[in-house]
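Read top to bottom, the protein sequences are chains R and P.
Going by numbering that gives the first Met the number 0, the first sequence opens with residue 0, and the numbers climb by one from there.
Going by numbering that gives the first Met the number 0, the second sequence opens with residue 0, and the numbers climb by one from there.
Some hints here could point you the wrong way.
[As the list claims (entries may be wrong)] From the structure, some residues in chain P lie toward chain R, with a derived Cβ separation under 10 Å:
id, residue
1, S23
2, R67
3, Y71
4, V161
[Unchecked claim] Output of the computed footprint for chain P on chain R, the stretches with three or more beta carbons under 8 Å from beta carbons of chain P:
id, segment
5, 127 to 140
6, 231 to 240
[As the list claims (entries may be wrong)] Derived SDA-like pairs (lysine to any residue); straight-line CA-CA distance at most 20 Å:
id, chain 1, residue 1, chain 2, residue 2
7, R, K118, P, V176
8, R, K104, P, L180
9, R, K118, P, I174
The hints are simulated quantities; they were obtained by calculation from the structure and are not laboratory data.
If you're wondering where the values come from, they're calculated on a predicted model, not measured in any experiment.
A virtual CB, placed ideally from N, CA and C, is assigned to each residue, including glycine.
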Amino acid sequence: MSLLNVRDLVVSGRDGVLVDHVSFDVGEGERVGLIGASGSGKSLTALALMGLLPEGLSLSGSIRFEGSELAGASERVLSRHRGTDLAMVFQEPMTALNPAMRVGKQVVETMTVHRTRDKAAARKAAVELLDLVGLPDPVTTARAYPHQLSGGQRQRVVLAIALANNPGLLVCDEPTTALDVTVQARILELITAAVRERGSSLLFISHDLAVVASMCERVLVLNEGRIVEHGPTAEVLRDPRHEYTARLLAASSWEVS
Amino acid sequence: MARNAGLWAGAVLVGLVVAVALVSFFWTPHDPSLVDASVRLLGPSGDYLLGTDKFGRDLASQVMVGARTTLYVGVVAVGIAAVIGVPLGVLAGMGARWLGELIMRVNDLVLAFPALLLAIMLGAVYGASTFTAMIAIGVATVPSFARVARAGTLQVMSTEYVLAARAGGRSRPWIAVRHVLPNISGIALVQSSVSFAIAVLAEAALSFLGFGTAPPTPSWGRMLQESQELLAVDPRLALVPGAAIAIAVLGFNLLGDGLRDRFDPRLEVRR
């Protein structure tokens, strides 16, 4: 059985259907890419998985994580899963951290809130995590406030927070879009290494085919809220069946090697 | 620098009032309530820095001790308003939509009710005192805190770090305490300063009307009121407490405006 089963996920707002009967599975330890242009429903799909859809949007269908239903679950049930079973890395590292709290504390809290570690162990683990995500001098960095760090450093902190409780599934929503190219590559390597090492599954959302090709074993192509194509990454990119995928490919800088 | 000038001017004026109030605990030139008919209505001199009133009391000493009353009323009134208003505003911003609407409509109701009228009513029922004045001013100031707290909360709740915190499994009360409160403390501080100025003015007005601080405790508002009948003879009696009120109000307003410039996210320059 897969780790995550999504069946007939529909997200609709006042102006119509935004995610239309999306179904997919993510196996244990599998890395799946979700690609599509902006507005295709990628981020909404991710937020729906986390149970974090904005107010005013309604959800139907089924989202099962290790067999338990998340769609329509109460906030209490959801918050038990969030941050432990499911973790998320957001697109914009400049705003994803609380500006009024030291970053180390934000990592520590992720563990103490879920009682996965006691305070002292969490502090130690936080420094190790900051070290793991490649932050220089993690002890000092833990005491920094977000505005003292660069975008790339902040995204590393966000990643450390997401990894803190060894999530079963890591959802990354365009984690490198806001970063410059050299930093991008490093963050992507980190994400791949981290999920491999932990045996976590990865749902990687991007509009960038090249990035998905380098990260994911399987890919789902989303267009206007529908999955128009899915399959092993290499196959889909080499031989796109759907016209939309072909257009995406043509528009990207990625070259079939 | 120009933007900071107001902040500094405000801080200096407020500091002056606070310093005078603190000094009055240990030392005043004369006993502020000592009545001495032989020194009635003296002009400023070396002995009586600002002169004396119609009972021969030293004006400078009265102003000093009056600063105490003013600050006391301001601190308690603003404290009441902040302690009730900020959590209400956060609740209105984070809770269910109907709850937020309910809180804000009740808020509007209280806001529409004049603070002075409330104070006069309370004074009529419970007797005029500094205490009833503080409560009345505090209660009447709750809505402005609730309003800015709600606006700040809505803004914080729409940020990605709150979404990230929720994605990390934080509960709503946790988010309120750890994310919302620290990030709206700046605007709450600004509101405190502005409300303080209003509270100072309200206390003076109430004491002037006889619904505030009762004699013999010196109060700037009552000094003004006592000066009324002699206004034509000796305007100095009105000018001295009037200037004290003006300095305190101006100080707290400048301080509030200066702090607003510092904390307003729209004006914030990335440091």
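We went through each hint and held it up to the structure:
no., hint, in the structure
1, S23, "violated, 37 Å"
2, R67, "violated, 34 Å"
3, Y71, "violated, 31 Å"
4, V161, "holds, 8 Å"
5, 127 to 140, "violated (count 0)"
6, 231 to 240, "violated (count 0)"
7, R:K118 / P:V176, "holds, 19 Å"
8, R:K104 / P:L180, "holds, 16 Å"
9, R:K118 / P:I174, "holds, 19 Å"
Going down the numbered hints, you'll see the structure goes against 1, 2, 3, 5 and 6, while the others check out.
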